[in-house]
Amino acid sequence: MSGFFRGMIAAGFGGQGIMVLGQLVAYTAISEGRHVTWIPSYGPEMRGGTANCCVAISDEEIASPVVAEADVTVIMNNPSMERFEKSVKPGGLLIYNSDLVTYPEPRKDVTVFPIPAYSVALSLGSDKVSNIVVLGVIVEATDLIGLEACIETIKDKLGKRKPQFLPMNLEAFEKGRDIARGLLKKA
Amino acid sequence: MTRVLMKGTEAIAEAAIQAGCNYFFGYPITPQNEIPEYMSARLPKIGGVYVQAESEVAAINMVMGGGSTGTKIMTTSSSPGISLMSEGISYIAGCEIPAVIVNVMRGGPGLGGILPSQADYFQATKGGGHGDYRLLVLAPSTLQEAVEITQMAFDLAFRYRNPVMILADGFMGQMMEAVEIREHVSGEIPSRESWAMGCMRERGGKRSILKSLYLNPEDLEQHNIKLQKKYREMEKEVRFEAYLCDDAEILLSAFGTTARIARSAINNLRSEGAKVGMLRPITLFPFPSEKLAELASGVKHVLVVEMNMGQMVEDVEAAVCGKAKVSFFGHAGGIAPSVREIEDRIRAIL
Amino acid sequence: MKEIKIYERPRAWAKGVHTHYCPGCGHGIIHRLICEIIDELGIQNDTIGTAPVGCAALMYDYFDIDFCEAAHGRAPALATGIKRTRPDKIVFTYQGDGDLASIGAAEIIHVANRGEKLTTIFINNAIYGMTGGQMAPTTLIGQKATTCPFGRDPQLAGYPMRMCELLATLETPGFITRVSVARPKYIIETKKAIKQAFQNQIEGKGYSFVEVLSNCPTNWGMNPVQAFEWTESTMIPHYPLGVFKNFE
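Chains as they are written, first to last, in numbering that gives the first Met the number 0: chain W, 0 to 186; chain A, 0 to 349; chain G, 0 to 247.
The shape of chain W in the complex, shown without the other chains:
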């Protein structure tokens, strides 16, 4: 395919903000004028089940909205590692929650970023912002979405409904970017 096309998969427990993470990426990409699809997949339970979603971003109209080979895969728990480790394209980026996921033998053909998303989020006041830590990593380490547009999305989608949590969300986002910059330097 000729133009810009990126696929992302995010997977974890229900309640980890997996769907919201994907949606924030989707909203940002739309605001940047791109075509986007977002598809969720839930376990039967509303909370605590397995949840994953995929986002396709393109300059052209999107044919298949199903992302089977991802440029970026975010893995937030162990069962998802088992299921989605192979979903990353060679040369792609695998981000995992190093507080909850064990990954003793990382793939060599992809970039692997262990992110202590859970403990970073807790240190900021709530484990609920661990998905926003990961969003910061995505913005810093990939070309899926731009920084300015993403901050606008956070303000718009998270700040309006619960303004009291906006500072914590923005802080989590910055922490994620910091961690990604550190890892990028090492890499």
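Hints in this document: simulated from the structure, not taken from any laboratory.
We put the CB at the ideal spot given by N, CA and C, even for glycine.
It cannot be assumed that every hint is accurate.
[Stated by the list, open to error] Covered stretches of chain G, going by a simulated chain A footprint (3 or more residues, C-beta under 8 angstroms):
1. 39–51
2. 63–72
3. 75–87
4. 104–118
Chain W is fixed; fit chains A and G onto it per the hints.
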């Protein structure tokens, strides 16, 4: 209104409202719950009515009642719920009442699963309920198309006084994509006054009876002949997309989300020089048999891809009628055929 | 001064039609009462009936008003859709005991519980008439029917359901009453009850439910006189007449 990122279920709900649908009767079932939720919040604000029925059985009969007064009515459900509605759908078709029914398909049979599926093709196009009736069946493949189809469905329902089903696979319901929803003003639609309940004054004191009971067999046959004539007239509503078919040697046929996945496979193979095209039916009834027959005479193979164990393939085989080899590839509910799998199938045929 | 009463065909009765009901059947009486009430209330052009499945399936042929046919047991849901989209019209359901208390049990409970502003006329004759005399939820203990040839046994089929009493446990419904057509004195009460049920709707009050104890000479294996007597002697003791709720 500019293009905004919306969930399919919500886009369908808002599209219906913008087409003048102010009444919704439904019952919760995954994966379509966002539609009743959306309607319950939105309709009271615009003077409309949302009723949560006690079951899908009741919901479809409320739809029948609402439709019988000549009002734009919609209900939505998912596969097991549509099975329960099938009785009512048969009555609605028999009484010639307009209604729009959305099926956000999940896997079956039985309780099946809650993930996307296309396994209700037979149910939608071949009956589901009892008797010789047909629904107009429309299958969107993008959310923008879902919006347009939803709005058009009301016009078709009233034009033919017939239930229209939007057959959306679970992806169409759960996916988010940018859509633009405009207010939809219906074209020419026959006035409801001549037949609808509650218009006796407008008819100058002449009553109307909406019924499907004809105890005299000659009357019943006449009623059926009239219905069949109407179903044949519906054939002019046939809609499809022919994608890169002109020089195609291999023709794919798929509907809904599966057609989008197939399109990616076609794009990839075209860049390698393979002559592959696709006929995507948008109306599943009427089925684009004529177009398929025409295309089939110029290709060597037709590959049907579905998210079920092989249903539309039977209509394709009937249309192709031996002019080309027809084969099938599919997965059951919850597993979408992947781009890679479709490419491999096509390569094996090449 | 002598009072002169002329009994004429109600205007709401369709011209030149006769019912198909068996001799002595209660449906004809109740149909006529409804037509008289429609005339008296002046609502012929504004009334929408829903026809049931059962002996009264063809009732739309006899009434000169708008009618929509319902599937078996579904009239309350159908009527809900009609009334919600046309709240300015008078909508009623007319259902037998198999239709209402058996296959349509969910629909009748929920139409009452939503307090839909419509009227239900429930014809209880303790049997399935149209299909040929099978046991209904309302068939009395010991009563014979084609599917309980030795008489209804509560160990096998439970006890006959009292729908007024059952619905009266709900908070929402406004007017619930049981009347009968077993004798002229009861018929007068029946007309009053049905008229009030329609009047309630005209006034925009909530849901009204009128149960009419009727008969089925054919399937009971009786002549009409015996059947009316049986309604009074055997049905009324199990199904007491009276008002169970009246917008308290």
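- Coverage claim, chain A over the segment 75–87 of chain G, checked by counting residues with Cβ within 8 angstroms (three needed): holds (count 12)
- Message: Verify this for me: three or more residues of the segment 104–118 of chain G with a beta carbon less than 8 angstroms from a beta carbon of chain A.
- Response: Holds: 5 residues of the segment 104–118 of chain G have a Cβ under 8 angstroms from chain A.
- Item | Residues of the segment 63–72 of chain G with Cβ under 8 angstroms from chain A, three needed, outcome | It holds, with 8 qualifying residues against the three required.
- Query: For the segment 39–51 of chain G, does the count of residues with a C-beta closer than 8 angstroms to a C-beta of chain A reach 3?
  - Reply: holds (count 6)
Of the numbered hints listed earlier, not one is contradicted by the structure.
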